[in-house]
Amino acid sequence: MAILLAFAAGVVLASYAGFREFLPGLIEGAWVTVQITVLGAMLAVVAALIAALAKMYGPWPLRWLAIAYIEIFRGTSALVQLFWLFFVLPHFGIVLEPLTVAVLGLGLNVGAYGAEVVRGAIQAVPRGQWEASTALNMSRASALSRIILPQALVAMIPPWGNLFVELLKATALVSLITLGDLAFRAQQMNQTTLRTVDIFSIVLVIYLCLALVLSQSMRALERWAARGIARGRVA
Amino acid sequence: MGGAGNRARAGRLMLWDWNYTFEILPELARAALVTIEATLIGFILAATLGLALAILRMAKNPAISIPATVFVEFIRSTPLLIQIFFLFFVFPHFGITLSGFTAGVLALGVHYGAYCSEVYRAGFENIPRSQWEAALALNLGIVDTFRSIIIPQAIPPVIPALGNYLIALFKETPLLSAIAVLELMQTAKILGSESFRYTEPITLVGLFFLVMSLVSAALVRLVETWLGRVGRRV
Chain C
7 MAILLAFAAG VVLASYAGFR EFLPGLIEGA WVTVQITVLG AMLAVVAALI
57 AALAKMYGPW PLRWLAIAYI EIFRGTSALV QLFWLFFVLP HFGIVLEPLT
107 VAVLGLGLNV GAYGAEVVRG AIQAVPRGQW EASTALNMSR ASALSRIILP
157 QALVAMIPPW GNLFVELLKA TALVSLITLG DLAFRAQQMN QTTLRTVDIF
207 SIVLVIYLCL ALVLSQSMRA LERWAARGIA RGRVA
Chain X
46 MGGAGNRARA GRLMLWDWNY TFEILPELAR AALVTIEATL IGFILAATLG
96 LALAILRMAK NPAISIPATV FVEFIRSTPL LIQIFFLFFV FPHFGITLSG
146 FTAGVLALGV HYGAYCSEVY RAGFENIPRS QWEAALALNL GIVDTFRSII
196 IPQAIPPVIP ALGNYLIALF KETPLLSAIA VLELMQTAKI LGSESFRYTE
246 PITLVGLFFL VMSLVSAALV RLVETWLGRV GRRV
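Residue numbers (my numbering), protein chains in the order written: chain C, 7 to 241; chain X, 46 to 279.
The set of hints was computed from the structure by calculation and includes no laboratory data.
Even glycine gets a Cβ: it sits at the ideal position worked out from N, Cα and C.
There may be inaccurate statements among the hints.
As the list claims (entries may be wrong) - Just the calculated beta-carbon pair ranges, DEER-fashion:
no.: 1; chain 1: X; residue 1: Gly273; chain 2: C; residue 2: Thr199; range: 32 to 42 angstroms
no.: 2; chain 1: C; residue 1: Pro30; chain 2: X; residue 2: Leu143; range: 36 to 46 angstroms
no.: 3; chain 1: C; residue 1: Thr199; chain 2: X; residue 2: Leu143; range: 19 to 29 angstroms
no.: 4; chain 1: X; residue 1: Asn184; chain 2: C; residue 2: Met48; range: 55 to 65 angstroms
no.: 5; chain 1: X; residue 1: Pro173; chain 2: C; residue 2: Pro30; range: 18 to 28 angstroms
no.: 6; chain 1: X; residue 1: Phe139; chain 2: C; residue 2: Arg233; range: 23 to 33 angstroms
no.: 7; chain 1: C; residue 1: Arg233; chain 2: X; residue 2: Leu259; range: 38 to 48 angstroms
no.: 8; chain 1: C; residue 1: Ser145; chain 2: X; residue 2: Arg174; range: 20 to 30 angstroms
What the hints assert, rightly or not - Some chain X residues well away from chain C (every beta-carbon gap over 12 angstroms; in silico):
no.: 9; residue: Leu125
no.: 10; residue: Ile200
no.: 11; residue: Val203
no.: 12; residue: Ile204
no.: 13; residue: Pro219
no.: 14; residue: Thr244
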């Protein structure tokens, strides 16, 4: 409800501005933003699962590696991480494309936060589930992959929705490493046309729309996944 | 061309230059003060604005509560960087020209104020209805009810959550470099562009953030146990 009103307020704000004039260019930028968000989200989920499982069940070298990854990426700023990948890695002979830097930096950053989400969700599965798996003579690995994780995955959808919105918002940072995303296009247009009010209002509304689409689809996913659980319980 | 090749070779020979590290340390320390200043002022702003927004959102009159809710949702779903640009580039068109530091701190305060308002709201929702009813029975006005009944009970339990947002806000201050505020990140970038050595400045900045946020996270956990309740790290 409030979100819809926020959206309406945004559209009013943007429609008096030069929607027609600036929209095509900004949409191109938004496409880059969407690409980085989607690729970054995929990397984040993979990194989070690996880091959380390594931290919880890995042998000690892996566990310490996972803890170091999580604390370093959660403890420093996303922008510092992007700059480090962009400016410092070339010094060690590793030159990455700006798009790679963006996906890698943001994906690993969100993945570190996600690792704690994954850990929380796995720990929230009742102990009885582990005990039942042991009683059925399942190995730890198959109990984890067939009993525990499927339940934990459902529980972690809502916090992941929040993280994805944070990721979307963080993609604006990639404009500072010369990637032509929405924020970059906005600054570029601002410098050439100086119609600052119009451009930045439209950009805010585009980000708002993207965030709404993202959070609504995560909510739909949540409902869909939870329906599977309910069916399982009845049977 | 040859120069660049030499630089690259020199760089490969010397991965970490300690002399250069000590040379830039004083300048980075000065910049760290700007970062800390921005963090503290920004957070004071966020904590105050958040409380105001949370109280406005509880108003019975929808003409007050709905705009406050819309404002919070709007701020929370748009990037901080764009909000900083908005204050810095757009406000002058309305006759309000802000310095980079002011615009940046204001944006940090408003952005995290929206997040803090959710924290306060959770605190207020945990106050039993009977407390409100008792205040009403004692014929306390709305101001007295908040000041002497509700706020003293609602705020202490949410202090750890606010602390986590303080850390989050601290980690967002590098964004002020986008509007040329001379905080840590911007200083590191300038130092790097002068010497063509980015390794030391940016790594030092990263280390500074890592140490500061690990220490403050530990402090928050300490406060959490001191308050005798288990909270959640952001």
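Any Cβ of chain C at or closer than 12 angstroms to proline 219 of chain X, or is the non-interface label fine?
4 angstroms, violated
For leucine 125 of chain X, is the shortest CB-to-CB distance to chain C above 12 angstroms, so the non-interface label stands?
Non-interface label on leucine 125 of chain X violated, nearest chain C Cβ at 7 angstroms vs cutoff 12 angstroms.
Could you let me know if the closest chain C CB is still more than 12 angstroms away from the CB of isoleucine 204 of chain X?
21 angstroms, holds
Per the hint of 23 to 33 angstroms, is the separation of the Cβ atoms of phenylalanine 139 of chain X and arginine 233 of chain C within bounds?
Check failed, 49 angstroms falls outside 23 to 33 angstroms.
Beta-carbon spacing of proline 30 of chain C to leucine 143 of chain X - inside the hinted bounds 36 to 46 angstroms or not:
31 angstroms, violated
Tell me if the beta carbons of serine 145 of chain C and arginine 174 of chain X are separated by a distance inside 20 to 30 angstroms.
The hinted range 20 to 30 angstroms is violated for serine 145 of chain C and arginine 174 of chain X, with Cβ atoms some 51 angstroms apart.
Threonine 199 of chain C paired with leucine 143 of chain X, Cβ distance criterion 19 to 29 angstroms:
Hint holds: Cβ distance 22 angstroms, inside 19 to 29 angstroms.
Between arginine 233 of chain C and leucine 259 of chain X, is the Cβ distance one that fits in 38 to 48 angstroms?
Holds: the Cβ-Cβ distance is about 41 angstroms, inside 38 to 48 angstroms.
May I ask you to check that valine 203 of chain X keeps its beta-carbon over 12 angstroms from the closest beta-carbon of chain C?
For valine 203 of chain X, whose nearest Cβ neighbour in chain C is about 18 angstroms away, the distance exceeds 12 angstroms, so it holds.
Taking the CB of proline 173 of chain X and the CB of proline 30 of chain C, does the distance hold inside 18 to 28 angstroms?
Since the Cβ atoms of proline 173 of chain X and proline 30 of chain C sit about 55 angstroms apart, the hinted range of 18 to 28 angstroms is violated.
If I take the minimum Cβ distance from threonine 244 of chain X to any residue of chain C, is it greater than 12 angstroms?
5 angstroms, violated
Status of the given 32 to 42 angstroms range, CB of threonine 199 of chain C versus CB of glycine 273 of chain X
57 angstroms, violated
When held up to the earlier numbered hints, the structure conflicts with 1, 2, 5, 6, 8, 9, 13 and 14 and fits the remainder.
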